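*Asks:* Given the sequences, and given the hints that come with them, work out the whole structure.
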Amino acid sequence: MNLALEAHSLGKRYKRNWALRDCSLQVPAGRVAALVGPNGAGKSTLLNLAVGLLRPTEGTLHVLGRRPDGDRDLLDRVGFVAQDTPLYPDFTVSELITMGARLNRRWDTPLARDRMEQIGIPLDRRVEGLSGGQRAQVALTLALAKRPELLLLDEPVASLDPLARREFMQVLMGSVADGDTTVLLSSHLLGDLERVCDYLIVLQTAHVQLLGGVDELVNEHKALTGPRRQRADIAGVAAVIRESHTDKQTTLLVRTNGPILDPAWTVHDVTLEDLVLAYLAYPAPGRAVLGVAK
Amino acid sequence: MIEFLLDGHSQVAPYMQLVQQVKQGLRTGLIEPGDQLPKVRSVAESLAINPNTVLKAYRHLEAEGLVEGRPGVGTFVRRTLAGPSLAGQAELRRELVGWLRRARTAGLEQEDVVALIQTTMRATFQDDEKREEIA
Amino acid sequence: MMWLAWRQHRKQALFAAVGLAALAALVIPTGISMRNAFTDSGLAACLRGLGTTEFLRGDGCDSLSDMFSGRYETLATLSMLFVFLPLLVGLFWGAPLVARELEHGTHRLVWTQGVSRMHWAGVKLGLVLAVTVVAAGGYALMVSWWLGPLNQAGQSRMAELSFDVQGIAPVAYTLFAVALGVFAGTVWRRVMPAMAAALVGFLALRLVVLVQLRGNFLPAHERTFPVIGQERPNPTLGDWTFSTGIKNAAGEVMSTGEQIQCGPAVAGRPDAICAPYGPGAYNFELYQPAGNYWPLQFIEAGLFTAVAAVLLFLAVRQIRSRIA
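Protein chains in written order, with this note's numbering: chain A, 1 to 294; chain B, 1001 to 1135; chain C, 2001 to 2324.
Warning: the hint list may mix true and false statements.
[Said to hold, decoys possible] So the derived label-pair ranges between C-beta atoms look like this:
#1 Pro89(A) <-> Pro2219(C): 30 to 40 Å
#2 Asp178(A) <-> Gly2302(C): 57 to 67 Å
#3 Val240(A) <-> Thr1120(B): 21 to 31 Å
#4 Leu2213(C) <-> Gly65(A): 51 to 61 Å
#5 Val1113(B) <-> Ala235(A): 22 to 32 Å
#6 Ala235(A) <-> Arg1102(B): 49 to 59 Å
#7 Ser244(A) <-> Val1073(B): 51 to 61 Å
[As the list claims (entries may be wrong)] Just a sample of chain B residues kept apart from chain A, beta carbon distances all over 12 Å, derived:
#8 Leu1030
#9 Ala1063
#10 Glu1068
#11 Val1073
#12 Arg1094
#13 Trp1099
#14 Gln1110
#15 Asp1112
Think of the hints as simulated: they come from the structure by calculation, not from any bench.
What you are looking at is a predicted structure, and each value in this text was computed from that prediction instead of being measured.
Glycine included, every Cβ here is placed at the ideal spot set by N, Cα and C.
*Replies:* In structure tokens, the structure reads:
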């Protein structure tokens, strides 16, 4: 299995606060991975580390098999869109494309120009005259024009209206369908990402809470309801993620490692959103990495 | 050519929704053997979903023998839905109506009936799957 | 990368070109008319007659010289304002170079393209420093040429503020200001604080050198002439006199900041003005001789260029490892 990104006990500290701590994760190549977590969880930190804008305080990080520390060859192969899509305000779209061509060795100018035309962004418009959605599209196109092997997007649709969000995802999915790009995009809204991602990383309070392929995770987790009782070991349950009790009923959200045959429990499927919310509500540092995709 | 829709709020997994829409298309005659299904790329782009989801749907249909993929060309419909014959369905339907009447006489409300059917369905189909695995 | 550096800084280069052109349009016509007045008024001939004699009796060229200087007094005073030019360049070209990228977050765009930070910094710095040297060299040359006749007429080119706008020192000051601005930008990471820091740093070092150090770079000379007599130093030598006073016969300093001249004693009684200082008293002045102009220019230019180099090294180090 090829790994686009691999971290071992990665940590980043600013002065006294750890933005990321003991973070171990992998992103297999070819996936569209979602990096989910509340604000301040460490998502931006992880992405900035991956692209060499930050240096780790501890641990290791490998991107496409290399350390991202000032590696110019790696920067040619990784596309990055930072939070708030920074662009030079007085540059025209055409000048931004020229900049990309001059600074990158792998660059597809016709692709960039065609995309702008498809989305309806005039090449001679200055960045300061573009709407938020258009700026996000421009930033994405600039990243895609590098024909990257790995695309890192930091909250790309956070400040976009629903239509702009949809258009952004459409362009992204079309591009993923075209080639062998691995995508890692972060958001604090899972809803944006559900249709689009097949791999999931959940970050909370600077630690990894959940990691794995979306299909595997959804299959492995179940909600069990049954008459109220003390929780005891149940065959087929590897871990209880969340439990709640009313006076008559107990509900458990569990990770399974086999079929639940105990007839006392009714087994329900869980949605990805339920799953993520449960892990976010009950964060635990150093929670075991699960469901690594094969 | 068939055009797909996706219901984000449905409990049904996206890839299964696509599968169902293809089957529905076959049932209603919207698509026929020899027709091409939309390219993975264009479905992914128009619905803003992961291309792997589309691939999964097409592979599922291929495993059921309904479509076949021709490399470099596209995915094409192979045969119509060999569903149960209308006569067979009529028989099942009659039995079901009788059972429903008995359930109502026994005092079950509609929600009770649905709950009973769902839990029994799940248990039975799981059992059957296990039996197939063992066999 | 060259394309990007040019595109980002082309406005600054344009300002520099326009500024130099405007300066030339001002300097050249007035300079030529000043030179004509210099010869036409007879001042040039008078000064040639004086030569480099150290002491003068009588008027010398004083009246012609005062008339000439008076005519161009306002322009000469205005030329002192050029002292601030290096600071302005440092603030507007140096401080935003790195700080603006960091403040707007565009470093997250440009440092993730296929160029290393060092290459990025090298090209941007190289371009700005090259334009700085050319622009600073340009205005230093023009101002030096313009001040020529005034220097000869008695305004020493080594005097405070006159020294600072001529020769090669302005180029070094400008390099220092730009380097300071760039470095401040890498530390404060926002344009306004970087400008403030550069302003303070520039003024501090310039004032310290100007007030405390420049007089001591090379040994000062002392010139003396008696209190009683008619000889006085030639004011058109171009020396930089920075301390004057009166000493008594034993060499003790009796007063500072003034010089006196009296007639000889009449009938055994000394002149009332000179009497308090006793017989044998003399005027003294501490000065840097005119010949030390270029050595002092080189020393000061070298100092500021060295400081600039250190600041640039530190700035590059910040970019490479500290901004992470």
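*Asks:* All hints, please: hold or fail.
*Replies:* Here is how each hint holds up against the structure:
no.: 1; hint: Pro89(A) <-> Pro2219(C): 30 to 40 Å; verdict: 56 Å, violated
no.: 2; hint: Asp178(A) <-> Gly2302(C): 57 to 67 Å; verdict: 60 Å, holds
no.: 3; hint: Val240(A) <-> Thr1120(B): 21 to 31 Å; verdict: 27 Å, holds
no.: 4; hint: Leu2213(C) <-> Gly65(A): 51 to 61 Å; verdict: 56 Å, holds
no.: 5; hint: Val1113(B) <-> Ala235(A): 22 to 32 Å; verdict: 31 Å, holds
no.: 6; hint: Ala235(A) <-> Arg1102(B): 49 to 59 Å; verdict: 35 Å, violated
no.: 7; hint: Ser244(A) <-> Val1073(B): 51 to 61 Å; verdict: 53 Å, holds
no.: 8; hint: Leu1030; verdict: 24 Å, holds
no.: 9; hint: Ala1063; verdict: 16 Å, holds
no.: 10; hint: Glu1068; verdict: 20 Å, holds
no.: 11; hint: Val1073; verdict: 16 Å, holds
no.: 12; hint: Arg1094; verdict: 31 Å, holds
no.: 13; hint: Trp1099; verdict: 22 Å, holds
no.: 14; hint: Gln1110; verdict: 19 Å, holds
no.: 15; hint: Asp1112; verdict: 14 Å, holds
In summary, the structure is inconsistent with hints 1, 6 from the numbered list given earlier, while agreeing with the others.
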